[in-house]
Amino acid sequence: MKPPVFDYRAPVSVEETQQALAEYQADGKLLAGGQSLVPMLNMRLARPAVLIDINRVTELAFVRADDGGLTIGALTRQQALLEHPTVQERWPLLAEATRHIGHRTIRNRGTVGGSLAHADPAAELPAVMLALDAVVTVSSTRGERQIPARDFVVDYLTTALEPTELLRSVWVPALPPRTGWAFQEVSRRHGDFALVAVAALVTLDAAGVCTDARLVLTGVGPTPVPVDLRQTLIGAAPSPAAVAAAAEAAQAAVDPPSDVHAPAEYRRHLARVLARRALTTAIERAGGTE
Amino acid sequence: MVEKRPVTVTVNGQVRQAEVEPRRTLADFLREDLNLPGTHLGCEHGVCGNCTVLLDGQSVRACLMFAVQADGHEILTVEGLVAPNGDLHPLQEAFWEHHALQCGFCTPAMLLTAYEYLQQHPVPGSDEEIREAIGGVLCRCTGYQNIVTAIRAAATKLTAAGPAPASRSVAD
Ligand SMILES: Cc1cc2nc3c(=O)[nH]c(=O)nc-3n(C[C@H](O)[C@H](O)[C@H](O)COP(=O)(O)OP(=O)(O)OC[C@H]3O[C@@H](n4cnc5c(N)ncnc54)[C@H](O)[C@@H]3O)c2cc1C
Ligand code: FES
Ligand code: FES
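Here the protein sequences come in this chain order: A and B. All residue numbers for the first sequence refer to this note's numbering, where the first residue is 1 and numbers rise by one. All residue numbers for the second sequence refer to this note's numbering, where the first residue is 1 and numbers rise by one.
Treat the hints with caution; some may be incorrect.
Listed below are the simulated BS3-like cross-link pairs for lysine-lysine, each with C-alpha atoms no more than 30 Å apart in a straight line [to be verified]: (1) LYS29/A / LYS2/A; (2) LYS4/B / LYS29/A; (3) LYS2/A / LYS4/B.
Hint data in this document are derived by calculation from the structure and do not stem from the laboratory.
Let the hints inform the model, and build the full structure from the sequences given.
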């Protein structure tokens with residue numbers, strides 16, 4: 001399977017990239033790591049007239065942390081993100097989730113921006129960015145705008161990005177003290193897309209009361225699914241009964257598809273079991289005993 | 001008709017130049033234009049890993065890259081593992097000695113994936129970790145057991161031989 005004919009541009013700056021996007025409009029398509037787009041070209045699921053390759057736009061490849069948070073340039077390779085010492089230390093949820101993306105060879109090329117822009121319904125990063133309350137920065141020749149992660153993925157393989165917009169970076173806020181995390185995934189084989197994956201964050205106060213808890217599932221529908229934990233976990237010291245109730249809420253929140261990989265019923269079961277495991281671990285890591 | 005682009009790539013230590021259409025994949029470029037058929041093509045959509053080569057020392061799927069994107073970069077293919085005098089690389093020897101191949105179709109990709117892994121982990125971790133490292137390459141014959149054994153054996157040979165695998169450059 002060979003890709004269809006396309007014309008090729010390789011801008012070296014954000015400025016040039018934005019101009020190329022404005023010039024070609026819907027005929028142009030950005031090429032980042034190519035780990036999703038090139039298979040789609042080869043299978044003729046996408047036929048852009050022009051590929052705008054951003055691999056030489058080195059200003060988009062960076063990871064920067066300060067007291068307020070972490071900024072990740074769109075062209076940061078997934079493998080570079082998960083190996084970044086500051087990410088491993090301060091945002092272990094992000095590092096752990098990224099480790100579940102395909103195989104090393106995929107992550108050597110695949111980018112953070114590409115994963116978010118592609119928005120595969122079983123992808124790890126869009127779900128984790130939602131759990132982390134991240135904010136995406138996008139820009140075009142008309143200017144720049146910020147999109148909260150919760151508004152970024154709008155439907156199956158569809159984001160809030162306009163065809164002429166470039167995803168520049170994603171910002172992840174620093175986590176409050178006494179915040180525990182967990183990432184749980186079940187896939188058919190290591191490196192396969194998730195059947196279901198769950199990201200959890202739990203924050204406790206000094207007395208052990210849960211002040212914030214976030215749970216996001218992926219692989220269970222067209223977009224990542226956040227679960228509202230205000231009725232179950234938030235506001236009290238976590239108990240096994242509260243965790244079980246939160247896991248039930250997770251199962252109730254999803255309406256997963258049946259496909260060749262797994263029936264809906266099994267995915268619903270996984271949603272509950274993985275939510276329970278993830279919340280239990282996150283509570284432990286936050287310093288609570290559950 | 002889309003105009004061809006000049007590309008200059010260092011492949012197995014040699015500078016190679018050609019004119020290619022943008023749609024030419026790196027895999028086809030290596031196989032057809034540079035006459036290096038050691039890079040195998042299975043699925044041509046990123047799933048089987050058999051087209052794995054090293055780009056600036058990092059494994060990549062050559063069916064998911066275009067030759068134009070490799071312009072200015074360094075590529076190592078399986079042909080580049082053999083020493084100029086024809087001696088097999090210790091990994092190749094270990095694959096041979098430990099029966100780590102049957103039909104051999106996945107072998108170039110396995111060798112290069114293992115090469116990258118041993119660069120980063122001269123002393124390999126558990127069998128589980130080695131399996132994770134090679135998990136991106138599908139083998140339809142061996143059941144992987146002997147591949148894991150061979151990688152471990154090659155690591156022992158390479159570390160005993162003095163210079164760590166990292167010192168073996170693309171060109172040697
Ligand atoms: C065998 C295999 C297994 C995989 N397993 C997983 C997995 O388990 N989990 C997972 O999440 N993913 C998986 N992937 C996909 C992988 O993570 C891709 O890297 C990712 O989905 C897309 O990132 P990319 O940089 O490769 O983008 P590309 O493929 O280059 O682009 C994807 C889309 O995003 C757009 N785009 C890219 N960058 C930008 C930008 N900066 N601004 C605006 N639009 C942009 C492109 O135009 C295109 O539409 C797998 C891929 C393969 C081949
Ligand atoms: S041929 Fe490239 S991954 Fe299968
Ligand atoms: S030896 Fe035949 S595919 Fe691996």
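Worksheet item: Hint by hint, which ones does the structure fall short of?
Response: none
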